[in-house]
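S.K.: One line per chain: the protein sequences are A and B, in this order.
For what it's worth, the numbering used here labels the leading residue of the first sequence as 1, then goes sequentially.
For what it's worth, the numbering used here labels the leading residue of the second sequence as 1, then goes sequentially.
Just so you know, these hints were derived from the structure itself, not from any lab.
Certain hints may be false.
Derived DEER-like restraints, expressed as beta-carbon distance ranges [unchecked claim]:
| no. | chain 1 | residue 1 | chain 2 | residue 2 | range |
| --- | --- | --- | --- | --- | --- |
| 1 | B | F247 | A | M1 | 30 to 38 Å |
| 2 | A | K109 | B | N73 | 17 to 25 Å |
| 3 | A | M1 | B | E69 | 50 to 58 Å |
| 4 | B | R191 | A | D81 | 54 to 62 Å |
| 5 | B | G99 | A | E227 | 46 to 54 Å |
| 6 | B | G56 | A | G230 | 56 to 64 Å |
| 7 | B | F247 | A | D228 | 27 to 35 Å |
| 8 | A | R78 | B | E217 | 51 to 59 Å |
| 9 | A | D108 | B | G99 | 46 to 54 Å |
Quick caveat: nothing in here was measured; it's all calculated off a predicted structure.
All C-beta atoms in this analysis are idealised placements derived from N, C-alpha and C, irrespective of residue type, glycine included.
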Amino acid sequence: METDLKGKNVLVTEVGNPLGRSTALAFAHEGANLVLGSLDDSDSLGAAQQETAALGIKVVAGIYIAASEDSIKQFVQRGLDEFNHIDILVNNMAWSAAQQTFAAMSFDKWQRAIHLGLTRSLFMCRAVLPGMIERSWGRLIQCIGLEGFVGGDPATSAVYGGLIGLTRGMATQYGKYRITANCIGYGGVDGLDNFPGAYSVSRLNDPLTRCGTGQETSSAAIYLASEDAGYITGQCYLVNGGKCFL
Amino acid sequence: MDTGLKGKVVLITGATRNHGKATALAFAAEGANLLICTRKSMDLLRETARLATDRGSKVIAKQCDVTDEGQVNDLLQSGLSEFGRIDVLINNAGWRVHGDVIKLDMEEWQAALDVNVHALFRTCKAVIPGMAERRWGRIINYTGNSFMRGILGPGTLKMATLGFTRAIAQEYGEHNITANCIAPWAITVERNAGHVSSAIPAVRVEGQAIPRRGTIEECASLAVFLASDKAGYITGQNYAVNGGAYFL
Chain A
1 METDLKGKNV
11 LVTEVGNPLG
21 RSTALAFAHE
31 GANLVLGSLD
41 DSDSLGAAQQ
51 ETAALGIKVV
61 AGIYIAASED
71 SIKQFVQRGL
81 DEFNHIDILV
91 NNMAWSAAQQ
101 TFAAMSFDKW
111 QRAIHLGLTR
121 SLFMCRAVLP
131 GMIERSWGRL
141 IQCIGLEGFV
151 GGDPATSAVY
161 GGLIGLTRGM
171 ATQYGKYRIT
181 ANCIGYGGVD
191 GLDNFPGAYS
201 VSRLNDPLTR
211 CGTGQETSSA
221 AIYLASEDAG
231 YITGQCYLVN
241 GGKCFL
Chain B
1 MDTGLKGKVV
11 LITGATRNHG
21 KATALAFAAE
31 GANLLICTRK
41 SMDLLRETAR
51 LATDRGSKVI
61 AKQCDVTDEG
71 QVNDLLQSGL
81 SEFGRIDVLI
91 NNAGWRVHGD
101 VIKLDMEEWQ
111 AALDVNVHAL
121 FRTCKAVIPG
131 MAERRWGRII
141 NYTGNSFMRG
151 ILGPGTLKMA
161 TLGFTRAIAQ
171 EYGEHNITAN
181 CIAPWAITVE
191 RNAGHVSSAI
201 PAVRVEGQAI
211 PRRGTIEECA
221 SLAVFLASDK
231 AGYITGQNYA
241 VNGGAYFL
């Protein structure tokens, strides 16, 4: 399938986790240039940078502070300085958060998690949107996990739900600029979810009783970013081995 | 239908008018007792209380800003001293934020996040332990249809509400506590002067399955049903009351 992603500039966040890393690699295989970001994990960020750059594309990488819109703007600016524009944002918020019960959760932790997940994503979208509007083309992809659909950690559930709402809002607001906004709802991602205690670990009664591989999980982002997916917007596509259905 | 709500204690936030008021009166008609609050007009809240009292309810009406944990705890204490427990929590208080993602005022965003999302955390923290101890409880959160129509601010916050509701449903189902959302649309409500935002497309009921606006009482009846003993197997859901404007 021709994705027309060669030479496109793609910003992928949280490449320190397996999903972000496999997504970055998948775009690199398509010939896209990359801006890779991470909250703090500079070792795995460096590894992702090396691995993707080895495929012959241009890569810049940086870290940012979640609480600070300025820090996120500076991070995005590094990408703009290098590539002049960002075509695609893959905001990878899907992670298997440590499961905490509502009973045990403090308000401070709740508030921080909402900021880290929801408001940070808003900051990231605000930073890349003006350039997409100017060029009348863009793809905003939010990667979320299962909790928004089936419950689990209360803050994570709220964040993932909120990101679906944010996606639909952006789809409505920016469709006229040929910018699409979609979510990918992951679950059972190899390396992300297959450790003891992970919420979305594959279970025997799942339709697919195995984890999804890196390639299987990142391909949805490639498709949604492609030229052919230009009429898909405001949606949440689930890539979870059938762990839940919409 | 016997709802089993007689004598139950229902906490409703934002009960001065519209959904909050209609919900309060619908529970009053079932013989429930009420703990109602508002951040703003105590005059309007007292009117809701008077009407509910006329229907035979015991009512406590208090001023409470749900973004303030101390005030939420004070409210809870008032309810506990009078009634000894809270059985049903209706989170109706809300605050809208509108605007383009890029131009969104972050202070307004934080304020809306506080009322629509963080307040749920506070009210649930206040009432759920007692519900769990008594092994019976109902949490009902008003959402709306903003996320079905792609309205950015409210849609984001109300989808966060739904995600949170599902987490509560998941965690407390074993304690016989259900958590659900009600999504009203095209309901005739009072609005403040100047409240209607150009960011919200006007309501068009012509193409709906039921081509008329709904009433706040029609929404309130769903809250009563969801709170009833008969609805004990419904949890984690978002039920629309929308004249068939869209189907979930």
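S.K.: Now look at each hint and say whether the structure bears it out.
M.R.: Now the hints, each set against the structure:
In this structure, F247 of chain B and M1 of chain A meet the distance hint of 30 to 38 Å, their C-beta atoms being roughly 32 Å apart. Taking the beta carbon of each, K109 of chain A and N73 of chain B are about 19 Å apart, inside 17 to 25 Å as hinted. The hint said 50 to 58 Å for the Cβ distance between M1 of chain A and E69 of chain B, and at roughly 53 Å that hint holds. The beta-carbon spacing between R191 of chain B and D81 of chain A, approximately 47 Å, falls outside the hinted interval of 54 to 62 Å.
One distance hint, 46 to 54 Å for the beta-carbon pair G99 of chain B and E227 of chain A, is violated here, with the actual separation near 30 Å. A hinted range of 56 to 64 Å holds for the C-beta pair G56 of chain B and G230 of chain A, which are about 60 Å apart. A C-beta distance of roughly 28 Å is found between F247 of chain B and D228 of chain A, which places it inside the suggested range of 27 to 35 Å. As the Cβ distance of R78 of chain A to E217 of chain B is approximately 56 Å, the hint placing it in 51 to 59 Å holds.
Judged by the Cβ atoms, the range 46 to 54 Å given for D108 of chain A and G99 of chain B is violated: they are separated by roughly 28 Å.
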